[in-house]
Each structure stands twice: as C-alpha cells, then as structure tokens.
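Student: These protein sequence lines map, in sequence, to chains A and B. Going by the numbering used here, the letters in the first sequence line up with residues 573 to 704, in that order. Going by the numbering used here, the letters in the second sequence line up with residues 48 to 644, in that order.
Treat the hints as calculated values from the structure; they're not laboratory data. Any given hint might turn out to be false.
Said to hold, decoys possible - With a Cα cut of at most 20 angstroms, we get these calculated SDA-like pairs of lysine to any residue: (1) A/K632 <-> B/K86; (2) B/K154 <-> A/D594; (3) B/K230 <-> B/L194; (4) A/K605 <-> B/Q160.
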Amino acid sequence: MNKIKSLDDLRRMKQAVESGIDIREKGDVPEEKIVQIRVAMATCGIAAGARDTMNALIEKVNKDNIHAVITQGGCMGYCYAEPTVEVRVPGKEPVVFGDVDTKKAAEIIDKYVKDGELVEGIIPMNFQSINQ
Amino acid sequence: MGQYKMHLLVCGGTGCRASESARLVDVLGEELVKQGLEKDAQVVTTGCFGFCEKGPIVKIIPDNTFYVHVMPEDAAEIVAEHVLKGRRVARLLYQDPNSGETIEDSKHMGFYQKQLRIALRNCGFIDPECIDEYIARDGYAALGKVLTEYTPEQAIDILKKSGLRGRGGAGFPTGIKWEIAAKNAADQKYVICNADEGDPGAFMDRSISEGDPHSVLEAMAINGYCIGANKGFIYIRAEYPLAIQRLEIAIRQAREYGLLGTGILGSDFDFDVELRYGAGAFVCGEETALIHSMEGERGEPTVKPPFPAESGYLGKPSNVNNVETFANVPVIYLKGPEWFASIGNERSKGTKVFALAGKINNVGLIEVPMGITLREVIYEIGGGIKDGKKFKAVQTGGPSGGCLTEKHLDTPIDFDNLLASGSMMGSGGMIVMDEDDCMPAVAKYYLEFTVEESCGKCAPCRVGNKRLHETLEKICEGKGTEADLDYLRNLSSVIKDTSLCGLGQTSPNPVLSTLDNFWDEYVAHVTTRTCPSGRCKALLHYSIDTEKCTGCTACVRVCSTAAITGEKRQPHVIHQDKCIHCGACFDKCKFAAINVQ
Numbered sequence: 573m574n575k576i577k578s579l580d581d582l583r584r585m586k587q588a589v590e591s592g593i594d595i596r597e598k599g600d601v602p603e604e605k606i607v608q609i610r611v612a613m614a615t616c617g618i619a620a621g622a623r624d625t626m627n628a629l630i631e632k633v634n635k636d637n638i639h640a641v642i643t644q645g646g647c648m649g650y651c652y653a654e655p656t657v658e659v660r661v662p663g664k665e666p667v668v669f670g671d672v673d674t675k676k677a678a679e680i681i682d683k684y685v686k687d688g689e690l691v692e693g694i695i696p697m698n699f700q701s702i703n704q
Numbered sequence: 048m049g050q051y052k053m054h055l056l057v058c059g060g061t062g063c064r065a066s067e068s069a070r071l072v073d074v075l076g077e078e079l080v081k082q083g084l085e086k087d088a089q090v091v092t093t094g095c096f097g098f099c100e101k102g103p104i105v106k107i108i109p110d111n112t113f114y115v116h117v118m119p120e121d122a123a124e125i126v127a128e129h130v131l132k133g134r135r136v137a138r139l140l141y142q143d144p145n146s147g148e149t150i151e152d153s154k155h156m157g158f159y160q161k162q163l164r165i166a167l168r169n170c171g172f173i174d175p176e177c178i179d180e181y182i183a184r185d186g187y188a189a190l191g192k193v194l195t196e197y198t199p200e201q202a203i204d205i206l207k208k209s210g211l212r213g214r215g216g217a218g219f220p221t222g223i224k225w226e227i228a229a230k231n232a233a234d235q236k237y238v239i240c241n242a243d244e245g246d247p248g249a250f251m252d253r254s255i256s257e258g259d260p261h262s263v264l265e266a267m268a269i270n271g272y273c274i275g276a277n278k279g280f281i282y283i284r285a286e287y288p289l290a291i292q293r294l295e296i297a298i299r300q301a302r303e304y305g306l307l308g309t310g311i312l313g314s315d316f317d318f319d320v321e322l323r324y325g326a327g328a329f330v331c332g333e334e335t336a337l338i339h340s341m342e343g344e345r346g347e348p349t350v351k352p353p354f355p356a357e358s359g360y361l362g363k364p365s366n367v368n369n370v371e372t373f374a375n376v377p378v379i380y381l382k383g384p385e386w387f388a389s390i391g392n393e394r395s396k397g398t399k400v401f402a403l404a405g406k407i408n409n410v411g412l413i414e415v416p417m418g419i420t421l422r423e424v425i426y427e428i429g430g431g432i433k434d435g436k437k438f439k440a441v442q443t444g445g446p447s448g449g450c451l452t453e454k455h456l457d458t459p460i461d462f463d464n465l466l467a468s469g470s471m472m473g474s475g476g477m478i479v480m481d482e483d484d485c486m487p488a489v490a491k492y493y494l495e496f497t498v499e500e501s502c503g504k505c506a507p508c509r510v511g512n513k514r515l516h517e518t519l520e521k522i523c524e525g526k527g528t529e530a531d532l533d534y535l536r537n538l539s540s541v542i543k544d545t546s547l548c549g550l551g552q553t554s555p556n557p558v559l560s561t562l563d564n565f566w567d568e569y570v571a572h573v574t575t576r577t578c579p580s581g582r583c584k585a586l587l588h589y590s591i592d593t594e595k596c597t598g599c600t601a602c603v604r605v606c607s608t609a610a611i612t613g614e615k616r617q618p619h620v621i622h623q624d625k626c627i628h629c630g631a632c633f634d635k636c637k638f639a640a641i642n643v644q
C-alpha cells in the first residue's frame with residue numbers, strides 16, 4: 573500500500589476512490605435536483621436486453637459526468653416497446669422512451685438529457701401515477 | 048472499486064448485529080453470486096442508521112428503499128425481486144406507526160426528514176472498515192487543510208468562531224478548551240478522546256466509533272496539531288467490543304496510509320493514537336477520574352484546578368473531548384465556521400445527537416439541529432408514544448439530568464434551556480415515559496444507578512445518595528410521610544452543594560425535577576398511600592366485588608399466599624394482611640370481580 577505523503581496525494585487518492593461511493597452520494601440528492609433514469613427491468617424487459625441498456629446508460633453517464641441516478645423499475649406495461657426507459661429531468665414532465673438499445677441509450681443522454689432535444693421513440697404517457 | 052449499479056447497505060452496528068445482520072451480509076453476498084448478480088450489486092456493511100427500533104436495516108441505493116427487520120431468510124427474495132427485477136419487496140418496507148401507510152424510501156420517512164446529520168454524516172453511509180470510503184467522503188482533507196494552511200492559533204480561532212461546545216454533557220466551548228491546552232507550555236502534551244459513554248440508554252459515541260471511526264482519529268490529529276501534542280489516547284470501555292475493533296482497524300489503516308505517524312502529509316507534524324480500555328465505571332467519564340484510570344490509579348475524580356489542560360495525563364497538559372465533539376471537528380474546517388454557526392440557535396450551535404428510548408415508537412439514534420423542540424423530536428421523528436398512550440415526561444441527561452413535562456414540549460432544546468428547565472443536555476439520552484410510569488419510581492431507578500456508580504470518595508455522594516434511595520424506596524412501598532418529601536429536597540441540595548465531581552453534583556437532579564414537576568404524585572404516595580399510575584405494587588389494594596363474584600374459586604387456586612378464602616359459589620374475600628399484591632387473581636378472574644385501587 574502506498575503512503576499518502578502530501579495533500580496532493582490525498583486529493584489524487586480521493587479522486588481514485590470516490591467513484592466507488594458516487595452512487596450513494598447521488599442517492600442522497602433531493603429528487604428535484606438530479607436527473608432520474610429508470611429502466612424497466614421486468615422479465616420481458618430483461619429478455620429484450622434491458623440489462624445491456626442499463627449498463628450502457630451507466631457507462632455513458634459516468635463518462636460524460638452527468639449528474640444522474642439510474643435505477644431499475646418494474647414493468648411499465650409497454651411490452652411491445654421493451655426495453656423502455658423513463659427519464660425525469662428536473663422541472664420537466666417524465667418522458668418514456670421505447671425500444672432503447674445501447675445506441676439509443678447514448679442518444680437519449682446526448683440529445684435529451686444534455687440539450688433537452690427530444691429523440692424518436694417516445695411513448696405517450698397513458699396513465700397517471702398517484703405519487704405525482 | 049468497481050462500478051456497481053446498486054449498493055445494498057446493511058447496518059453493522061451493535062444493535063443490528065445482535066439480530067444477525069452479520070449473517071445477513073454473508074447470505075446476501077451468496078445469493079448475489081448464486082443469481083449471477085455479483086457484478087451488478089455490492090453488499091456493504093455500514094455503521095448505524097439510527098433506526099434501531101426496526102433493525103436489522105437494509106438500505107438499497109440508489110433508490111433509497113428502506114427495508115426493516117430483515118432476516119437472513121429474506122435475502123433470496125430481495126435479490127430475486129429487487130436486485131434482479133427492480134420490484135420492491137413490499138412486506139419488508141417500513142410502515143408508519145400512526146397512519147399505517149407503507150413508506151418506500153428513506154426520503155419520505157418522518158424519522159429522517161427533520162434530521163440534520165453532521166456528527167453522524169458517515170454513519171450508515173460508508174463502510175467503517177474501509178479508509179478509502181472515508182477518504183472518498185473528503186476524509187482527512189480537513190487535517191490536510193489545517194496542516195498546510197493554518198497555524199495552530201488560526202486553527203483554534205476557527206473552532207472558536209464555529210461556537211462548537213462539548214457534547215459530553217457540560218457544553219464547555221471546545222475552542223477555548225483547546226486554546227488553554229495550547230497555551231500551557233510543556234515538553235509533552237496529550238490528546239484524549241473520552242469514549243467512556245456511561246449514561247444508561249445513550250449510545251451515540253459507540254455508534255460514531257463503530258460507524259465512522261476515522262472522523263474521530265482525524266479530529267484528534269487536528270487537535271494534536273493545535274495544542275502541540277503528538278500523542279493521542281482513546282479511553283473506551285471494554286464493553287464496546289465492536290467499537291474497539293473498528294477503531295483498531297481504523298488506526299492500523301491510517302498508519303499504513305501515513306495519515307498517522309511521522310511527517311503527516313509532508314508536514315513536520317507527528318501524531319499517533321492508542322486505545323486505553325476502561326472497565327465501564329460511570330465516574331470515569333469525568334475527565335480527572337478518566338485520566339487517573341488511564342494512569343493505572345483508581346478511577347476517582349480529583350479537585351479542579353488543576354484542570355487537565357494544565358496537568359493531565361502523567362502530569363502533562365492534556366485536552367479531553369468526547370467522541371461526538373471530535374466527530375464535528377473535521378466538517379467545521381471543510382465547510383467553515385460560519386456554516387456551522389449558522390445551524391442551531393443563539394448560544395448552542397450545530398446539531399446534537401440524541402438516543403431515543405423508552406415508550407416511543409421509533410427507538411433509535413437521531414441528530415437534530417439545536418433549538419428543535421421536544422415536540423418535534425418526540426412526535427415527528429420519534430413517531431409518538433407507543434400504543435397510543437399519553438405522554439407524561441421525558442428524562443434527558445441520564446442519571447444527572449431531570450424530567451421534562453408537557454409544559455416543556457415547545458421549549459427549544461439547547462444547553463441553556465435544558466438547564467433552566469431543571470434538566471441538562473448530558474450526553475444526549477432521551478427516555479420517554481407515558482402515563483403508566485410512576486415518577487417516584489423513576490427517580491428511585493436513577494438513584495439505584497448512582498448509588499452503584501458512586502466511587503465512594505466523598506461522603507455526600509457515597510452516603511447521601513444511598514439515603515435518598517432508601518427514602519424513595521420507603522415512599523414507593525407506601526411507608527413514606529410528608530416529612531420525607533422535605534427530607535428528600537434538603538438532602539438533595541446538600542449533596543449537590545458538597546460533592547466534588549459532576550456525579551455527586553448532579554445525581555439528585557432526577558429527584559428534584561420529579562419533586563418539582565410531579566409533586567402531586569409524591570403527595571399521593573405519602574398521604575392517601577396510592578400510586579396514581581398503578582406502578583408501585585405495594586400501594587395497590589385488591590378487593591373482590593361481592594356482586595360480581597360467582598365463587599368459582601379460580602382466584603383461590605392461583606393465590607400463592609392463600610390470601611383468598613370463601614365458600615364455593617359464594618362471594619370470596621381477600622385478606623389484606625396476607626396479600627402480596629402480585630395481581631395473579633386479577634389476571635385470572637373471568638368475571639372482572641377483582642378491583643384494583
């Protein structure tokens with residue numbers, strides 16, 4: 573184990589280890605201050621590749637340093653369009669995207685999350701949640 | 048550290064471990080492997096979440112799902128449902144005791160909404176056995192900042208500006224304490240952390256040592272730099288094995304990283320920490336007694352002055368602070384004294400950790416800003432009184448504190464207000480009592496503790512507390528007189544005025560505050576010989592309602608002293624001279640024919 577010999581060493585050390593608990597820090601951020609992305613991960617979603625989609629989203633968000641928390645959710649009912657992903661940008665209505673493969677996942681981050689530009693494949697919300 | 052999609056935080060505090068949380072960690076890990084998800088989710092053992100009432104606790108990150116009472120048998124379902132499919136396991140979620148509503152995540156729990164966690168910032172968040180996680184949370188950055196940017200005088204000044212006061216009980220300004228120790232020149236000085244938490248029901252120092260040990264080490268090193276000490280000791284009671292283990296691991300890791308040792312972070316400052324074990328004597332929480340115990344002497348207090356800052360451990364200037372005080376220090380340097388001083392109220396800054404216990408729904412550990420009211424703590428965070436009973440009193444400050452009543456519910460909690468109300472902050476124990484609790488009996492309980500824990504050095508404490516206890520016993524047995532009440536009051540003030548250390552000076556507080564606030568209850572015990580809350584068995588009077596008694600003889604058969612007689616199918620009689628007030632007949636009677644008064 574290397575010794576930490578200076579404050580710069582300590583800072584470098586922090587940078588190296590902070591990603592390990594990043595997910596916990598984000599979990600603590602109030603909902604209205606962070607982008608929330610929920611991947612539907614019921615049986616049909618997983619069968620359609622939701623796991624790959626989720627991994628791609630996590631990778632992309634980390635690479636581009638986006639303040640977002642990615643969780644998995646249950647079935648949203650859009651079985652024809654799996655994998656489905658719900659994106660909540662603070663201050664905006666949630667948007668659900670269908671048929672999100674790894675490529676589409678990156679596109680959603682690049683266009684919708686970063687610039688607010690809609691991408692194809694939006695599923696109109698046909699229900700209201702009691703939580704809202 | 049890899050990139051996990053999900054973290055399963057499992058409480059590894061003493062409370063949850065007592066309910067098998069250590070095995071739960073193993074089983075969760077095995078299940079993840081079994082279901083092929085070990086790369087997706089990570090199981091982390093953390094410190095205490097504070098919600099001890101419902102342990103073992105598992106918190107799932109990032110969705111903040113809060114599972115309560117999780118048993119090893121539940122692991123497979125959590126992994127199969129939540130980790131794999133993202134579906135919460137509804138039966139393990141927390142239910143609000145008042146509304147009966149199921150609450151899905153910690154952000155919506157009343158228990159957490161009013162809390163502000165500074166001293167407990169890392170408890171339940173990081174793995175206390177992993178220094179990297181502490182560093183990831185800006186750990187040791189405050190030490191680095193102090194060593195590179197400030198002179199000891201400047202660093203002490205910052206602490207003074209923050210307004211931090213000692214969290215061990217008396218509330219002495221920490222910055223001033225450091226300044227005094229710094230000004231006393233000597234070839235050797237010491238930093239001592241008081242982890243001899245002795246108040247019954249208080250466990251914040253244990254939880255911090257278990258959940259965030261590095262914050263204590265970091266603060267001690269800062270303290271060492273400020274006062275010119277290169278050696279620190281943590282005095283901890285041997286009955287805290289898990290806290291000792293976690294502190295030992297933390298010290299070893301900090302030494303390996305060079306964060307303890309010589310030339311810390313490239314400076315010319317050396318500092319190291321060792322543990323010293325106490326045998327669990329209450330009086331050793333008093334700083335002079337603690338130092339004598341460390342020196343191998345009897346754990347007895349001595350007269351101050353000289354204060355430890357002049358002549359402490361081995362006669363050298365020593366600074367003693369308790370665990371919670373130290374845990375606040377690093378954040379003050381990182382976020383600035385103004386930030387800290389903006390929390391709390393006029394004369395008490397920052398937050399205070401309280402251990403909620405007794406007749407309250409959410410027993411556990413909480414941290415709240417100074418100045419919050421008792422009502423908010425008991426009803427909003429604590430979830431109200433158990434079983435819908437009526438609130439009667441809350442005892443703060445342990446055996447040295449007093450009882451606060453309904454009329455104090457809206458008083459802001461801080462050092463000075465609690466003193467003015469006849470109690471004290473103490474280390475932060477809060478024991479809630481309901482209508483069924485008898486106040487003279489409560490005072491008796493605390494005196495029992497003080498009699499046991501008095502070191503015996505001064506007569507007022509050694510003999511006086513014993514006499515107080517005997518008088519209270521007499522009152523609870525229905526043998527007291529009105530003169531006894533005056534005696535209690537007079538003796539109490541003598542003990543307070545003539546004892547040497549904090550133990551004797553405060554031990555009559557439970558008696559005095561219950562006399563003040565519950566005078567009628569004492570009077571009932573000594574005049575009509577009744578116990579209004581029905582707690583004092585000797586004062587209960589059992590009799591048989593001849594109208595209702597069918598003469599079934601069920602009571603005769605359970606009476607262990609043959610105090611009940613009567614013909615079959617005829618009303619029975621209880622002979623008061625033989626009755627021991629055990630209540631067995633009352634429980635047995637099917638016709639509600641037994642009256643209790």
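Student: Checked against the structure, which of the hints given earlier come out wrong?
Tutor: Result: no hint breaks.
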